[in-house]
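**Student:** Residue numbers (my numbering), protein chains in the order written: chain A, 1 to 411; chain B, 1 to 411.
No lab work stands behind these hints, which were simulated from the structure alone.
The structure displayed is predicted, hence computed values, not measured ones.
One thing to keep in mind: the hints can contain errors.
Identical copies look the same in the list; a pair holds intra-copy or inter-copy alike.
Listed next, the in silico DSSO-like pairs over lysine-lysine satisfying Cα-Cα at most 30 Å (straight line) [stated by the list, open to error]:
{"no.": "1", "residue 1": "LYS346", "residue 2": "LYS323"}
{"no.": "2", "residue 1": "LYS92", "residue 2": "LYS115"}
{"no.": "3", "residue 1": "LYS387", "residue 2": "LYS116"}
{"no.": "4", "residue 1": "LYS115", "residue 2": "LYS325"}
{"no.": "5", "residue 1": "LYS325", "residue 2": "LYS87"}
{"no.": "6", "residue 1": "LYS116", "residue 2": "LYS332"}
{"no.": "7", "residue 1": "LYS387", "residue 2": "LYS346"}
{"no.": "8", "residue 1": "LYS38", "residue 2": "LYS346"}
{"no.": "9", "residue 1": "LYS87", "residue 2": "LYS38"}
{"no.": "10", "residue 1": "LYS38", "residue 2": "LYS323"}
{"no.": "11", "residue 1": "LYS332", "residue 2": "LYS195"}
{"no.": "12", "residue 1": "LYS18", "residue 2": "LYS387"}
{"no.": "13", "residue 1": "LYS38", "residue 2": "LYS92"}
{"no.": "14", "residue 1": "LYS387", "residue 2": "LYS332"}
So you can see what is in the structure, the chains are spelled out below.
Number of protein chains: 2
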Amino acid sequence: MIQVAIMGFGVVGSGVAKIIEENQALLAARLSDEITVKYILDIRDFTGHALAGRVVRDFSVIENDPEVSVVVEAMGGVHPAYDYSLKAIRAKKSVVTSNKELVSLHGRELLEEAKKNGVRYLFEASVGGGIPIIRPLSDCLAANEISSVTGIMNGTTNYILTQMEENGAPFADALSDAQARGFAERDPSADIDGKDTCRKLCILADIAFGYQVNPDLVTCEGIRAISPRDISDAAEAGYCIKLLGHVRRDSEGITPIVAPFLLSRTHILSGVSGVFNGIGVVGNMVGETMFYGHGAGSAPTASAMVGDIIEACEVPSSPVLWKEKAPEGYIKDVSECAFARYLRVKGTRADSLTVLAECAVRAVSNGDETGFFLPAMTDEELAVILKMIPELDVVSSIRIFTPGEFVPKNG
Amino acid sequence: MIQVAIMGFGVVGSGVAKIIEENQALLAARLSDEITVKYILDIRDFTGHALAGRVVRDFSVIENDPEVSVVVEAMGGVHPAYDYSLKAIRAKKSVVTSNKELVSLHGRELLEEAKKNGVRYLFEASVGGGIPIIRPLSDCLAANEISSVTGIMNGTTNYILTQMEENGAPFADALSDAQARGFAERDPSADIDGKDTCRKLCILADIAFGYQVNPDLVTCEGIRAISPRDISDAAEAGYCIKLLGHVRRDSEGITPIVAPFLLSRTHILSGVSGVFNGIGVVGNMVGETMFYGHGAGSAPTASAMVGDIIEACEVPSSPVLWKEKAPEGYIKDVSECAFARYLRVKGTRADSLTVLAECAVRAVSNGDETGFFLPAMTDEELAVILKMIPELDVVSSIRIFTPGEFVPKNG
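Please take these sequences and the hints and turn them into a complete structure.
**Tutor:** If you want it as structure tokens, here you go:
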């Protein structure tokens, strides 16, 4: 039985508890062992909550319980998170954290302490929320001299800039909208002034280039001054505006900066919209790479933390063994699935094309061919329609990828 | 000293040797040990090559040398790669491979054999070339029930489709162009008929969903039939056309498919152009993620393989310790760097604006404000120009991200 303590039961800490509950069978299989939350450290009142019985207010209960092997630090801030993390590590417990402020200021020290005590200090969730970036950068790309890291690492500011771009809204309105939707805090300064991005950039620079970078030494500009006119001028020239954290290395050292940048619409990071994050890494062997996903939120952040818990348990590593014999019917035939579809036919006979035109959400005519955009249907349903049309000459038939709709008909 | 044998000294195998040579200091630091290529297994003649002295033709030399701890399999094909991999594993050597055909057919068996023998069988390079995807999927996202995997996993076909889209070229011309540039093989059928994508999709499905999927059981359609008209009709409706490998799970089983799809221009994968690959993974906790980079080529593929060699050596794992004290001058000030810049000024006085207009690569006028797109220059250089203009009212000044140009002036 793997026993975990969660420090701080807010959005992130409760997300970790939820994954351990909801994906229990999966985790037991991955860990070859049961996993349970033994303690929750929080000073608030959780009367009535299913886990209320596990809440403690005194850290030493966790520190002194040898059954707790992993401590999840989701408190935020430097104090007392730093003190508790240090004590947990010295009590031979691995610590998993999402605390970018703490990692950017004291990561090196806590890593060293963890090494000394034969445990782990892991912080995948501190940068990019649920996006795997810390381990890909430090392990998978370990054969590379990294030349630069460039990321959209703050969902709040990216949401605001995307709103300004899509609706022509002024900064203040987009900020209010983000606050109303819970994407920005009441005091949004850490996000919109670039401080949050800066902490994450420093953590990535530490890993990529080997020296701890103090966020206070980094040029850091926010997005308060960006106007709709900036965005429309940029768009006219083929750019969008993104708050980037960027650090580049040359032979002498590194140049880190956090600032809004005009970014070419052809750059892969320009497709990172709304609350999503994207982090680009360039290595001397791998070239350009990019990692994309939800940079914040309860479940994505907790996903990264539970991944780190599994890592901390030092389960015989990836990739997991897969089984040879799948159950009967495991692989379904796509012919049972409904797909939206682009169908181009020859001929201009009005009577026959009417059938398709009535089904289609859109049609494009050109010369003697017409392309129809048909809604999701199975091969069989399509065949029924096509049979109604005599002498139909189908020139082209291509499925449309519709993430929400593409589901097996009877699934 | 970590001694490695490379089987197959073609594009990929020689890339591995090159990284071990070029990034030697880096690797020694990561491994806390020297690493060297002891043998190269290849039947071709490498007379004159710097590593010619290490070439052997008999696999048993490698098999029977206890000093070799990691074998890099870059032979391709099932035979004799399968036989040699099995024998190497049984001789207690970890095997690192880029061989998608072998992994998709015999991965399960070789993983099991590796587990039995206390060594590793690793294949990060078999999917997505240099892109970290196998380990992120199996480790970082281990807390998730995966619901779908969707990828552009073949650079050849993506290059062809991108060419058709950008130049309106017919398929045959785009294929010839890809062949001329070395992006497509003389016999391109494994790529353009989707077979390569299918093998990679099956490997990802194996890891994500836990059962081995035989590529022969997957619906697999290629891109031979795609015409410029398909692409222009799709574009008119807001889509591009991409060869996707897609697999989705529901409660009963999985539905895998490889086929060209119309993909919305708002989807993050639509930004994956040319020879690049992008692989999207959706998990029940993390939501949508995407991994992007070079899906093929000597250095990127070798980057993934050397990452696996490091993993096989079971170095105390990520993240690497970073140092506290950086050398003097390590962090450079961005004011020393040249940036291209968007600068908007008020006023319409022709004489003053002429100075900026002469520098600018582009200008956008609107009302009494003009936005200038200036080429890369340092803050100091910009100040010199601005001083030439009396009573200038700068409304906005935003850097432009230009990956190629943004380099320290004296770097």
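**Student:** For every hint, state whether the structure bears it out.
**Tutor:** Quick rundown of the hints versus the structure:
no. : hint              : result
1   : LYS346 <-> LYS323 : neither (48 Å within a copy, 68 Å between copies)
2   : LYS92 <-> LYS115  : both (10 Å within a copy, 28 Å between copies)
3   : LYS387 <-> LYS116 : neither (74 Å within a copy, 57 Å between copies)
4   : LYS115 <-> LYS325 : between (41 Å within a copy, 19 Å between copies)
5   : LYS325 <-> LYS87  : between (47 Å within a copy, 24 Å between copies)
6   : LYS116 <-> LYS332 : neither (51 Å within a copy, 33 Å between copies)
7   : LYS387 <-> LYS346 : within (15 Å within a copy, 66 Å between copies)
8   : LYS38 <-> LYS346  : neither (68 Å within a copy, 63 Å between copies)
9   : LYS87 <-> LYS38   : within (18 Å within a copy, 46 Å between copies)
10  : LYS38 <-> LYS323  : neither (33 Å within a copy, 35 Å between copies)
11  : LYS332 <-> LYS195 : between (49 Å within a copy, 19 Å between copies)
12  : LYS18 <-> LYS387  : neither (51 Å within a copy, 60 Å between copies)
13  : LYS38 <-> LYS92   : within (17 Å within a copy, 40 Å between copies)
14  : LYS387 <-> LYS332 : within (26 Å within a copy, 70 Å between copies)
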